[in-house]
Amino acid sequence: MWRVVLPELVVTATALVALLGDLFLPAGRKRAVGYLSLVGVVLALAAAVGLAATGAVTPGGVGPAPAGPLAGMIEADFFALAMKVVFVAVGLGTVLLGVDFAETRGLPRGEFFSLTLIAVLGMMLMAGSRDLVMIYLGLETTAISSYALAGLLRGDLRSGEAALKYFLTGALASAVILFGMALVFGAAGSTNLGDLLGPGGLAGIRSGWVPVAVTGLVLLVAGFGFKLAAVPFHFWAPDAYEGAPTPVTAFFSVGPKAAAFAAVLRIFGPVLVAGAPGGAGGVLGDFSGLLPTLFAVLSVVTMTVGNLAALAQTDMKRLLAYSSIAHAGYILVGLAVASPRGLAAVVYYLAAYAAMNLGAFAVVIWLENRGTGREVKDYVGLARRAPLAALALVVCFLSLIGIPPTAGFFGKLYLFLAAVGEGQTWLAVVMVLNSAVSVGYYYGVVRNMYLVKESEALGAEPGAVGTIPGTPLVRTALGLAVVAVLVLGVFFEPLSRLAAMAGGAL
Amino acid sequence: MSGFPILTLMVFAPLVGTFVLLTIPKDRVQLCRQVAAFFGLVPLAASLWALAKWGSAAVTPEGLRLVERLDWIPSLGISYFLGTDGLSFPLVLLTTLVTFVALVAAWDMVKEKERAFFSLLLLLETGMLGVFLALDYVLFYVFWEIVLVPMYFLIGIWGGPRREYAALKFFIYTLVGSVIMLVGILALYFMSGAKTFDMLAIAAAAPAIPLAAQKWIFFALFLGFAVKVPVFPLHTWLPDAHVEAPTPISVVLAAVLLKMGTYGFYRVSYPTLPEAAKAFTVAMAALGLINIIYGALTAMAQKDLKKLVAYSSISHMGFVLLGLAAGTPLALAGGMFMNISHGLISAMLFLMVGAIYERTHTREIAKLRGIYVTVPVVATVMAFSFFANLGLPGLAGFVSEFFVLAGTFRVSVVWVAMAGLGMLVVAGFNLWMMQRVLMGEAKEEYAGLPDATPLELFTYAPLVVLIVVLGVAPGLLMRFLDGPAVQLVQRLGGI
Numbered sequence: 001m002w003r004v005v006l007p008e009l010v011v012t013a014t015a016l017v018a019l020l021g022d023l024f025l026p027a028g029r030k031r032a033v034g035y036l037s038l039v040g041v042v043l044a045l046a047a048a049v050g051l052a053a054t055g056a057v058t059p060g061g062v063g064p065a066p067a068g069p070l071a072g073m074i075e076a077d078f079f080a081l082a083m084k085v086v087f088v089a090v091g092l093g094t095v096l097l098g099v100d101f102a103e104t105r106g107l108p109r110g111e112f113f114s115l116t117l118i119a120v121l122g123m124m125l126m127a128g129s130r131d132l133v134m135i136y137l138g139l140e141t142t143a144i145s146s147y148a149l150a151g152l153l154r155g156d157l158r159s160g161e162a163a164l165k166y167f168l169t170g171a172l173a174s175a176v177i178l179f180g181m182a183l184v185f186g187a188a189g190s191t192n193l194g195d196l197l198g199p200g201g202l203a204g205i206r207s208g209w210v211p212v213a214v215t216g217l218v219l220l221v222a223g224f225g226f227k228l229a230a231v232p233f234h235f236w237a238p239d240a241y242e243g244a245p246t247p248v249t250a251f252f253s254v255g256p257k258a259a260a261f262a263a264v265l266r267i268f269g270p271v272l273v274a275g276a277p278g279g280a281g282g283v284l285g286d287f288s289g290l291l292p293t294l295f296a297v298l299s300v301v302t303m304t305v306g307n308l309a310a311l312a313q314t315d316m317k318r319l320l321a322y323s324s325i326a327h328a329g330y331i332l333v334g335l336a337v338a339s340p341r342g343l344a345a346v347v348y349y350l351a352a353y354a355a356m357n358l359g360a361f362a363v364v365i366w367l368e369n370r371g372t373g374r375e376v377k378d379y380v381g382l383a384r385r386a387p388l389a390a391l392a393l394v395v396c397f398l399s400l401i402g403i404p405p406t407a408g409f410f411g412k413l414y415l416f417l418a419a420v421g422e423g424q425t426w427l428a429v430v431m432v433l434n435s436a437v438s439v440g441y442y443y444g445v446v447r448n449m450y451l452v453k454e455s456e457a458l459g460a461e462p463g464a465v466g467t468i469p470g471t472p473l474v475r476t477a478l479g480l481a482v483v484a485v486l487v488l489g490v491f492f493e494p495l496s497r498l499a500a501m502a503g504g505a506l
Numbered sequence: 001m002s003g004f005p006i007l008t009l010m011v012f013a014p015l016v017g018t019f020v021l022l023t024i025p026k027d028r029v030q031l032c033r034q035v036a037a038f039f040g041l042v043p044l045a046a047s048l049w050a051l052a053k054w055g056s057a058a059v060t061p062e063g064l065r066l067v068e069r070l071d072w073i074p075s076l077g078i079s080y081f082l083g084t085d086g087l088s089f090p091l092v093l094l095t096t097l098v099t100f101v102a103l104v105a106a107w108d109m110v111k112e113k114e115r116a117f118f119s120l121l122l123l124l125e126t127g128m129l130g131v132f133l134a135l136d137y138v139l140f141y142v143f144w145e146i147v148l149v150p151m152y153f154l155i156g157i158w159g160g161p162r163r164e165y166a167a168l169k170f171f172i173y174t175l176v177g178s179v180i181m182l183v184g185i186l187a188l189y190f191m192s193g194a195k196t197f198d199m200l201a202i203a204a205a206a207p208a209i210p211l212a213a214q215k216w217i218f219f220a221l222f223l224g225f226a227v228k229v230p231v232f233p234l235h236t237w238l239p240d241a242h243v244e245a246p247t248p249i250s251v252v253l254a255a256v257l258l259k260m261g262t263y264g265f266y267r268v269s270y271p272t273l274p275e276a277a278k279a280f281t282v283a284m285a286a287l288g289l290i291n292i293i294y295g296a297l298t299a300m301a302q303k304d305l306k307k308l309v310a311y312s313s314i315s316h317m318g319f320v321l322l323g324l325a326a327g328t329p330l331a332l333a334g335g336m337f338m339n340i341s342h343g344l345i346s347a348m349l350f351l352m353v354g355a356i357y358e359r360t361h362t363r364e365i366a367k368l369r370g371i372y373v374t375v376p377v378v379a380t381v382m383a384f385s386f387f388a389n390l391g392l393p394g395l396a397g398f399v400s401e402f403f404v405l406a407g408t409f410r411v412s413v414v415w416v417a418m419a420g421l422g423m424l425v426v427a428g429f430n431l432w433m434m435q436r437v438l439m440g441e442a443k444e445e446y447a448g449l450p451d452a453t454p455l456e457l458f459t460y461a462p463l464v465v466l467i468v469v470l471g472v473a474p475g476l477l478m479r480f481l482d483g484p485a486v487q488l489v490q491r492l493g494g495i
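Taken in sequence, the protein lines are chains E and H. The numbering used here applies: residue 1 is where the first sequence begins, and numbers increase by one. The numbering used here applies: residue 1 is where the second sequence begins, and numbers increase by one.
With the rest of the complex left out, here is chain H (with noise of 0.2 Å):
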């Protein structure tokens, strides 16, 4: 290890942001938010300082950057071993960003318990960082597990009515995967004979594994991975999730949490297991249009706006597995600039829906109209947002999906042309959202309804920028991917 352990600070300085609003008394609810705000700035401003370092800090055979380790459990095999590349990083930024975000929407939103909404918040901020940047298993698997007792308490406390359903599925779904992701990892550790669990090395070792075992291992992993993602049939926790979850939790579980699942992917099964990985591209590629299709059409039919941009983002995630299919460079880099994308559209997209929420007190398409009447900026902020959504060129979310279609064309046209076809029915349904929502006569009920607020404003500034800038300029994401991208393919054995 040399240098400053910027990393170590990203990830640790929320948890003790946690144990310090847990010495502020309770009342004092304007200094829990601003105590919050600050630990959610830290890990920002740690990981902006390391984009800014980015290109003068030293890189390692592998790639990976700002590498700390130390031995936790050495007669084990097991470190503390953090790390970042061009896979994690962009990630990792997605995260400190949008847990800021989250931190400060909640100062509206969030209306009793905020020193435990707050603290809790910021455990699960450790969680995720800690997920991404982890290069051990055991502390990955740490990390995982972290995660999920904080959002289990979010949507079981703060949530709406079913919050307990939703809060307990959430849980018990994410727990089966996570433990039986577990016993590969363990079987990984055993069967590679690394006697390490090091990703790195257990990646080195790995294809000694015999390849009946490894398929049971790269299943055994996708288990645990698909359930975040989530993947068809694996999904029905999260329509139920985001409903349930309060806005802010909403923003971080869609933009954040699913990425999880996407990152073991192209973090661990694919790498690690690369001729597993080809013998279930079928497969993948099969789940990933599933996705992309089931998730689209089921929007269509939704009557709750929540729900819309749930099954919007089981759409959407499709495309990612439609990458790791195609497993060609401008594929693979396409389904990571869908994590970057996705994340910060459907933070906006539930940021909206929070919006409208809080206004009108319904979600209800049928009972929403005229809202560019009612509230005008709002309304412009949310045509945007969902105007990104559905894919439009120039934003973030077109890119990605054109970098996925066009990476797989040379692999199957058939699949693109499905992959087309799901995207006719999200642009549809976009588009008929905002007829029904947008426009139309204002209902007198709503009028007189405040427009966004400043506090508002300046959640929304910092995602719209990005969209747009990461839509015009996809050079400056894809500058971090496209090292990965060929790396990965290179495991695969392509080109």
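If we strip away everything but chain E, and leave its shape as in the complex, we get (with noise of 0.2 Å):
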């Protein structure tokens, strides 16, 4: 039984080793804490993996709560495993990245580590439940730590400003979901998934309460429509994303927003295949015919906004942050179209977009470490200066844009199959005029770290200006981030057949 939890264990145990480290070890020695850390989070990297290998699966889809002591609370069907192997691996880059960051600009150790690890433990629950309740505690667990994660620079005012931005509009979030949540329950009797999408759940209540169950479920969207960063919900976003210390930032990129996808998949996912929950129709049936075009829409907006809005920008994170939220609109589209190949799509998107954001905030963060590389302009004869930093940042931005044979265009193109392949090829091809805008704004760091000379930018002398060298284990994030956007696209099959399973776990 408790097999199925050992990835979780393990995380919250490093959470606590990281603590207690943190306070027992003597002033010098508290480097320790991130090594810790880090294994723990292959030990916990390791356990998904070998729960997925092993077979300690359950079949997934939606069905009545099954007994026991876990009651439907904790599920280990492949789309949790498959997403925890997501956010651990997560775990593991933000690691990695945040252990010499730390050190140089004075992040308290211990309560970086737990808090990540802790937020960690909150998406595994997110993704790995079917009950409204645990999704509910899951997301809370991971936004708390993350409020937090955000003012870790206590002295930094931009990082305090993060912290309470993301809080305030953090809380606001989690508060409409509750309450949607609420209203759900309070309509159909159930915090369980599995009932409530059967014939016995929301399709079964009295018509009284339809437009109860229905203002829950709207809220529900717009709730995860925050935690999603989509427009019209983003607007902490780039603030939150600035102001917050890099490493959490490259995390809160890929990390919170992936768990807030894996539970709009588990809420809505089914509901999108397979149509009204237990085939009701009337209002509750309109509702569910329409989720598509909202989320449709929703995408459009976002990625368009994203894009945009993202020409615009001087500051790295904020490029990034608008990056981040163009590419919640790509994701997106794999809701929109409905599909069994639309969720699988959202699945390998996660995974390739993961990898691929790391390795563009891994730079930004070899950077940082030598106290450069917030500016777009700290980008120029980066070719020189630190050439791996500058080769992979291109290969990440190449694989951000879609460009083969990268992991980012696989995605897109699974996410085109996907919308063409439901006749929803407007989808696809507004995808594609975004895809073309972004172009800009990463052209203009690569432009900058190949093709403006240092001399007239810096008004130094070439060479004047020092190389900058990354350490170890910031280049071991960003190798590991490089190779798994490159070969994520070459073994596409084996991805996306998993992917496929755990979309058709949900």
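These are computed hints drawn from the structure, not numbers from a lab. Remember, predicted model here, so these are calculated numbers, not experimental data. Please note: incorrect hints may appear among the correct ones.
As the list claims (entries may be wrong) - Ranges between beta-carbon positions, derived for each pair:
# : chain 1 : residue 1 : chain 2 : residue 2 : range
1 : E       : V487      : H       : V20       : 18 to 24 Å
2 : E       : P494      : H       : W49       : 33 to 39 Å
3 : H       : L22       : E       : L20       : 40 to 46 Å
4 : E       : S207      : H       : L211      : 49 to 55 Å
C-beta atoms are modelled at their ideal positions from N, C-alpha and C, and glycine is treated no differently.
Relying on the hints, combine the two individually framed chains into one complex.
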């Protein structure tokens, strides 16, 4: 029984070890906290992969809540495992990126590592449950850790601002979600998604309760819209991303966002694929029929606003924040097409996106550890100052644009195929146009790295500005990300099969 | 798959070279050059070996040889599918030869960041060879896009004063074109119902698509290919890219990259959507004629030698379009012949412009005079190249133009007459340029410039020999083109 939650247990234990380790280790040895956390996430990753490989997997699918000690609170279907692997991998990347950053920027280590791991734990619970209560608990576990993480740079005003903004909007979103869940529970009398989406759940309620249930579902969409940073619920993201310590920003952009997608997939995935819960008609049926359109509108607006706003950015983290918003828009395409392939494409894209975006942030951190890299203009001459970082950033950006042979291309291709296959060619076309627009801002950085002469831009003689060596851990994280970006595409078949299995388990 | 995967070796040897180069310390320039040349030689040798084995290689019913096929993404019907036929193989030979020439020519011409230059050029070769050899749409698209990135950096880093603008323009034009092409490919995949990205299977299933949709798909694919050719009015990136690109890159750009576009028409658009192609016949002919005449007239007006050659390329690519529009076996074969002959000749032209620039540091026609007297050997080779360019009988360029026009004659005398007019202008600007640059009194400031180096002669020799050989014995190449041309005519419903 406990084997199912082994990855969660390892992550929890690691978080506690990090917290206590920071407390008891002598001042000069605190770096060990980072290494301990590293060992912990690697073990958790091994546990998650091991679980998937040994087939400790339930078939998944919507059904009545099973009996037993975990009583439908914890799912061990393939979707849960696949997302857990992604989340723990994100945790691994964040820890790798954080060890040196904590040293150079004075992040409190115990807090940083334990909070990151607790946030990862919350994400795992969100993806790994079919019960609204557990999903909410996971969500809050992640969110509260995230608010604190955003403000970890105590002396930095912008970090405080980020934490406050993130907290206020996040708390509002959580309240909206909780209220939505309460309405759904009030209408249908259950928090278990298996019950709710089955014939006896939402489909069976008396007609007077239907508006309540639908209001609840609308609030859920809106609340998760905040968590996904989908436009028009996105305004907090650029400020929070800009002010938070960069490893935390990297984590935000791929971790909690992916977890919110996982929760949306859990709650709405079955409805999107199979239609109204229990084949309900009436208002509930109409709402279910409208869901794909709702996601399509969110998707188009989100990617368009994200990309256009990104064009105007001069701060690297804000640029990546808007890029991250745009990518949420691409991923929403998979929900909008409302097909099994669409859901599978979402899972694949989340994994690909985690790799490429962590790679991009790894380069920012590489530079920030040496006191530069916050502004787009800091990237002038990077091709000479840190050739490997520059090359890696080009690969990650090509992937973010969607140029083959990278993971990002195959992710977009998967989404395209899902969209065109469902007759939603217009979504594919909007996505194509958006990808073309996105070239604009990624290009600005690449141009600075390779084409702009340092002598002109910095007023310095060529060679006067020194090289920027990366630390071994950042290099490792970047190397892993780049390899993943290049390899996920080559092994698209097995991975897309896994993604399809994960999507099918919803 | 049977036998040694010679095509895979050909495609990926340069990629291996890219990574091997990155392990060499960058100040060991000579070693970088040699290693790059070696990895350029491997695909060249492989393609020559394939040429030697051509007759004895097994042929599929579709006329493909050296087929290699592995499942890649079977759930979506995507495979690693390489193969070659009479249409692609001459282009493969052209690519391996011209890239090798460019790699060697770069020894003298690239004087900074040599290691990065060679790795990118080798990466480019992988992309180009992949485009010509891939028979699966997704694979094709992957290689198509791989070409984009190294080219951007090669122009953007090593180019002339306006390199940034030129590189970005190239990138945007090509990216937009290729993305629209991708939409067309996806439409083919879904609407044909073939459930595979296999080019041949889709070509077989495509007639089931309603004609109106076929036309849209044809148009989407057309945009992707037309940007590369380039077809008027999508051509404006080309003069900019050529003028700014370093000589070896101009060589590859003109000789090989443009052919990706025309190859796309021959390999994808026409055989897959013959009905739509027929509906666009007049438009295609009109665009071809505009390319021929507009390119030639604009070339005549140029003050910059490199721009002149660039517009001359646009003019010559018009013949390929005209051949496609005519759709007779002779015209189609002539268009394919033009791909090769223009590849060889334009490579020579850019090498010669580069040779002049290396010596005089100018490409402005008005500043050049009496090159014959100053550097007689360079000038002689240059005269040869420009005579080949104007279509002198006995050289490869003439043959292709002759075939296209002879094949078009049966379809429309007016087209032939207009193309003939264009040829007159082509002859005119070539001769006029030679008169201004090569002849006349030698300029004093250029006195004592060194004549052709052995390295330069080494790079010219294979191209010059092939231009002559194909001009005298076109049958050597027609042997390859006949089959595909006849096959295409059958697809188009002629004869």
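Status of the hints after comparison with the structure:
Hint check: V487/E to V20/H, Cβ distance near 20 Å, so the stated range 18 to 24 Å holds. For P494/E paired with W49/H, a C-beta distance near 34 Å keeps the hint of 33 to 39 Å intact. Between L22/H and L20/E the Cβ separation comes to about 44 Å, which falls inside the hinted range of 40 to 46 Å. Separation of S207/E from L211/H is about 50 Å and conforms to the stated range, judged on CB atoms against 49 to 55 Å.
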